[in-house]
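**Q** Sequence:
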Amino acid sequence: MEQTPALDDLALFVQVAEAGGLAGAARISGVSVPTLSRKMQSLERQLGRTLFHRGARGYALTVEGRSVLEKVAEVGSLKVRLARSLAMPAFAEVRITAGGWTSAYLARRMGHVWTSQSKWRPVFMEATARLDIARRGADIGIRNKRPDQDWLAARCTGRIEYAAFAVSDKIQGFLALSQAEVQTPSATWVRDHHANEIVTTAGSSRLLVDLAVAGLGKVVLPRFAAADLSGLQQVGPVIDALTHEEWLVSHHEARHDAPVRAALEALAKLLGSRSCAIKL
Numbered sequence: 001m002e003q004t005p006a007l008d009d010l011a012l013f014v015q016v017a018e019a020g021g022l023a024g025a026a027r028i029s030g031v032s033v034p035t036l037s038r039k040m041q042s043l044e045r046q047l048g049r050t051l052f053h054r055g056a057r058g059y060a061l062t063v064e065g066r067s068v069l070e071k072v073a074e075v076g077s078l079k080v081r082l083a084r085s086l087a088m089p090a091f092a093e094v095r096i097t098a099g100g101w102t103s104a105y106l107a108r109r110m111g112h113v114w115t116s117q118s119k120w121r122p123v124f125m126e127a128t129a130r131l132d133i134a135r136r137g138a139d140i141g142i143r144n145k146r147p148d149q150d151w152l153a154a155r156c157t158g159r160i161e162y163a164a165f166a167v168s169d170k171i172q173g174f175l176a177l178s179q180a181e182v183q184t185p186s187a188t189w190v191r192d193h194h195a196n197e198i199v200t201t202a203g204s205s206r207l208l209v210d211l212a213v214a215g216l217g218k219v220v221l222p223r224f225a226a227a228d229l230s231g232l233q234q235v236g237p238v239i240d241a242l243t244h245e246e247w248l249v250s251h252h253e254a255r256h257d258a259p260v261r262a263a264l265e266a267l268a269k270l271l272g273s274r275s276c277a278i279k280l
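Note that full-length UniProt numbering numbers the sequence shown so that position 242 is 242, with each residue one more than the last.
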């Protein structure tokens, strides 16, 4: 191949080959017959190959032409997909990792700070284990302490408080996360302080809430999360041992990218407004 042909010319070649002539390809492509003829001749010169047998009945592929067609048959559909893609607004996915309750809180309120016309698209990656922001495993992380790595930037969004919740203050016993699961700080606290009061366990925090709503026991939750749950009331004091700061973390260079910066501002707005949702 002496020169690399243009994608448009290869797409026209496919249409001429499939139509068996210039007239049929002209109807499909909207390109005139003389222009198609010139482009096919130019394509043959670029490739250094004879692609067609030209005759009264149309354009028949040569052996070389069939070989080229096999290699570029997908060019036409690729061109269409590419054109459609370029015609659509450009969206940049911003990967956000947080614990389950924070992810749920954000998801319920994302419509306040994001629309389908926004130039970034939230991708939630709920994870108890921390994804590596430094190696770009995620773009933004919501953490329970300030990172000490120089390559990470962070801003504090507030303090997170935990307490016990139940359907009434007469409920006895605690609900605990199954020991087969990764133990969150609140799960560890329940086992450390109320091991003899555990009435049953479950494999997820969401299931613990369902059990608490059914009246089986008390569940320890972030107060902001409990504010979103109907049927539960706070039945104990704030647990100081679980209170912690919350940090919005990103790579110190990536935070200047427009999509990441927009996402950081949106998340900071939502997270900073949580105190308004907490009811004693």
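No lab work stands behind these hints: they were computed from the structure. Warning: the hint list may mix true and false statements.
What the hints assert, rightly or not - Derived pair list, reagent style PhoX-like, types lysine-lysine, alpha-carbon separation capped at 25 Å:
id	residue 1	residue 2
1	Lys145	Lys269
2	Lys71	Lys119
3	Lys119	Lys269
**Q** State for each hint whether it applies.
**A** Tested hints:
{"no.": "1", "hint": "Lys145 x Lys269", "in the structure": "19 Å, holds"}
{"no.": "2", "hint": "Lys71 x Lys119", "in the structure": "36 Å, violated"}
{"no.": "3", "hint": "Lys119 x Lys269", "in the structure": "17 Å, holds"}
The structure fails to meet hint 2 from the earlier list, while all remaining hints are met.
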